[in-house]
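K.L.:
Here is what each chain is made of, one letter per residue.
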Amino acid sequence: MTKEYLFAGFGGQGLLFSGKVLAYKGLIEEKNVSWLPSYGPEMRGGTANCSVIVSDDPVGAPIVLTPDVLVAMNLPSLDKYEKAVRKGGYIFVDSSLIERKVQRDDVNVYYVPATRLASENGAPTLANMILMGKLLSVLDSYTEETVDAALKKCISARHADMLELNRKMMEIGKNYNE
Amino acid sequence: MADKVLMKGNEAIAEAAIQAGCRHYFGYPITPQTEIAAYMAKRMPKIGGTFLQAESEIAAINMVYGVSAAGKRVMTSSSSPGISLKSEGLSYLAGADLPALVVNCQRGGPGLGGIQPSQSDYFQATRGGGHGDYHMIVLAPSSVQEMAQLTIKGFELADEYRMTSMILADGTIGQMMEPVSFDFEIKEQIEKPWATTGTKMARKHNIVNSLYLNPEQLEVTNIERYKRYDIIKEKEAIAEEYLVDDADIIVAAFGIAARVSKNAVNQARAEGIKVGLIRPITLWPFPEKAFRKAAEHAKQIICVELSMGQMIEDVRLSTECKVPVSLCYRVGGMIPTPDQVYQAIVEAAKKGEK
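Order-wise, the sequence lines are chains A and B. At position 3 of the first sequence the residue is numbered 3 (the numbering used here), and the sequence of numbers has no breaks. At position 179 of the second sequence the residue is numbered 179 (the numbering used here), and the sequence of numbers has no breaks.
So here's chain A without its partners, still in its complex pose (with noise of 0.2 Å):
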C-alpha cells in the first residue's frame, strides 16, 4: 500500500518539519519513504509545500500530484490543492487561517482550528503539530511509541526541551473534535 501525503502552507508554518516527523514514523516502521520539500525563495515567507510518501513498495517519483491526504494551512494551497485530492482522500484544514469550506463532497474533511489551539495553549508556533496529532488519529495510526521516536529523530538534542511541547501539541490535535 502507498499513501501520499501533501502539506502546504506558508513558509515557516512548519510544513516541512510535520513531512519528517512523518517519514520518520514511515521509517521506524519500516515503510519506505520519501520527503520532498520545494525550495528556493517561497520558502522566505511565499508558500511552502513537503510532500511525503510512505509505501510498501519502494518508491518512485517522489513528487505527489495527486494526495491521498492534503494538510492545507493557508488560503492559496488549498485553493491550489483542493481539486488534486484523489477520490475518497483526506483534507485537513487550519480553520483558524482558512475561513472557506471545501467545496467538494467525495472527500473526507477535518477543520481544526489549529493556529489558535497552539495560540492558547502557548505554543503558537506548533499548529503544526496539532494538524499532525489530528491527521494521525484520523488515519488510525497514533501510536505513541513511534510518534515519540519520530519526535526524538526530527527534534535535536540541543532543543530537548521542545519534544514535550511537541508532543502536548500532537495530543490536543488527537483529541479535538469539531
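Be careful, since some hints might not be right.
Ranges between beta-carbon positions, derived for each pair [what the hints assert, rightly or not]: (1) 145/A / 54/B: 42 to 52 Å; (2) 106/A / 53/B: 51 to 61 Å; (3) 105/A / 123/B: 45 to 55 Å; (4) 131/B / 145/A: 38 to 48 Å; (5) 57/A / 190/B: 38 to 48 Å; (6) 1/A / 350/B: 25 to 35 Å; (7) 340/B / 30/A: 30 to 40 Å; (8) 272/B / 57/A: 12 to 22 Å.
Residues of chain B clear of chain A, computed beta-carbon distances all greater than 12 Å [stated by the list, open to error]: (9) 41; (10) 143; (11) 161; (12) 295.
One-sided and incomplete, this derived list gives chain B residues near chain A with beta-carbon spacing under 10 Å [to be verified]: (13) 5; (14) 31; (15) 115; (16) 172; (17) 178; (18) 179; (19) 205; (20) 256; (21) 260; (22) 262; (23) 263; (24) 264.
Think of the hints as simulated: they come from the structure by calculation, not from any bench. Ideal Cβ positions, reconstructed from N, Cα and C, are used throughout, including at glycine.
With chain A held as given, fit chain B onto it using these hints.
P.N.:
Structure of chain B alone, referenced to chain A:
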C-alpha cells in the same frame, strides 16, 4: 543491517565523501546544492579536514587541482551555472591527469536559468565541458542511497583512472530525503606515486602539469589518455535494467526521470503493455551494450529527459538508429509526470500495433 537515517541527497553525498576519506572540500554556494557545503562546513573542522568557501567557483576548482596534485582525495560541488565556471579547471584536471570528485546538482538553464531541477547539463558532463579532448566519469544517482554509494565509487574510480568523476544529480534528488544506510565497504586508498609530496631527496621530483608545448609529446599524452578511456568504456559502464527482457517498448531515463518513468512502466505493465526501463547509472561511459541488446527485440525506445533531448543522442548512437527513438520531456525546472510518460508509452504501443 546498519541503522538507516533520513537524509537529504546532498547531505548523503557529503557524508559519503567524508567516509571515503575526503578531507578537503572547496566550494561556493549555489542552490540547489548548498547543503553539501553546509554539511562540510559543520563536519570538516571536527575531523581535521578543510572546508573552504572560496571567493568563486573558479578559485574552488583550482584549489581542488592543488590538493589533488598533492595526492589527497578532494571534492567540490556546484549547480549548473557554477559548473560552467569550473569548466576551465575541469579541463586542466584532465590535462594533468588528476583525480577529483565534482558534483553537479543540476538546475534549469541556460544562463542563470532557474533553481528547479533539470538534466540539461548532460552534454556538458558527458562531452567534457571544457576545452580539449577529454572525458569525465559521469555517475547519475536516482536515489539518496545512490547519492552516497556513487560518491564513494566516484572517488575510487577517479583515483584508479586518474581523472575526474562527476556526480550528475539534480535539484530533486539533492533536496529530497530518503532513508540511507552507510553500511559500505570502502576500499583502501591506492598509492599515488605521481603525487607532488616532496622528494625528501630520495627520488626524482614529480611534475603535475597540463602544458605541453611540444606537439609530438602532447599527441602522445592524448592518445595514451584515450587508451585509458577505452578500458573504462569496456569495464565500467553500468545500467539498471527493469522488465527489459520481453519488452517491445524501452523507456530510457536516468536520475529523477527514471523514477518518474518507473511508475509509468509499472502502470503500463499492469495494463498488459510490454514495456521496460533501462536506467543508465554511468552516463559516461554510456551503457551501450544494454541498449544494443535491447534493440534486438524492442521495437521502440522512448527517452525521458528533463532536457530538450540530450541523452537521446547516445541512445541513438548505441542502437545505431536500428529502432525509432522518441523523446518525452519537460524543461526549465519542470518534471514530467508519471502520467505524461504513461501516455507516451500508450501512444507508442498503439503505433506498434499498426
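K.L.:
Using the beta carbons of residue 1/A and residue 350/B, state whether their distance is inside 25 to 35 Å or not.
P.N.:
holds, 32 Å
K.L.:
Any CB of chain A closer than 10 Å to the CB of residue 205/B?
P.N.:
Result: violated, 48 Å to nearest chain A Cβ.
K.L.:
Range hint 45 to 55 Å: satisfied by the CB atoms of residue 105/A and residue 123/B?
P.N.:
holds, 51 Å
K.L.:
Hey, does the residue 262/B contact hint survive, CB to chain A under 10 Å?
P.N.:
Interface hint status for residue 262/B: holds (5 Å vs cutoff 10 Å).
K.L.:
The hint names residue 179/B as touching chain A; please verify it with the least Cβ-Cβ distance against 10 Å.
P.N.:
holds, 5 Å
K.L.:
Cβ-Cβ distance between residue 145/A and residue 54/B: within 42 to 52 Å?
P.N.:
For residue 145/A and residue 54/B the Cβ distance comes to about 47 Å; the hint holds.
K.L.:
Answer holds if the nearest beta-carbon of chain A is closer than 10 Å to that of residue 5/B; otherwise answer violated.
P.N.:
Result: holds, 8 Å to nearest chain A Cβ.
K.L.:
Take a look at whether the Cβ-Cβ distance between residue 272/B and residue 57/A falls inside 12 to 22 Å.
P.N.:
For residue 57/A against residue 272/B, whose Cβ atoms are near 20 Å apart, the range 12 to 22 Å holds.
K.L.:
Going by Cβ atoms, does residue 41/B stay more than 12 Å from chain A at every point?
P.N.:
Holds, because the least Cβ-Cβ distance between residue 41/B and chain A comes to about 17 Å, which exceeds 12 Å.
K.L.:
So residue 295/B supposedly isn't at the interface. Is its beta-carbon more than 12 Å from every beta-carbon in chain A?
P.N.:
holds, 25 Å
K.L.:
Within 30 to 40 Å: is that where the Cβ-Cβ distance between residue 340/B and residue 30/A falls?
P.N.:
holds, 32 Å
K.L.:
Any CB of chain A closer than 10 Å to the CB of residue 178/B?
P.N.:
At 5 Å from the nearest chain A Cβ, residue 178/B passes the 10 Å test, so the hint holds.
In summary, the numbered hints that this structure violates are 4, 10, 19.
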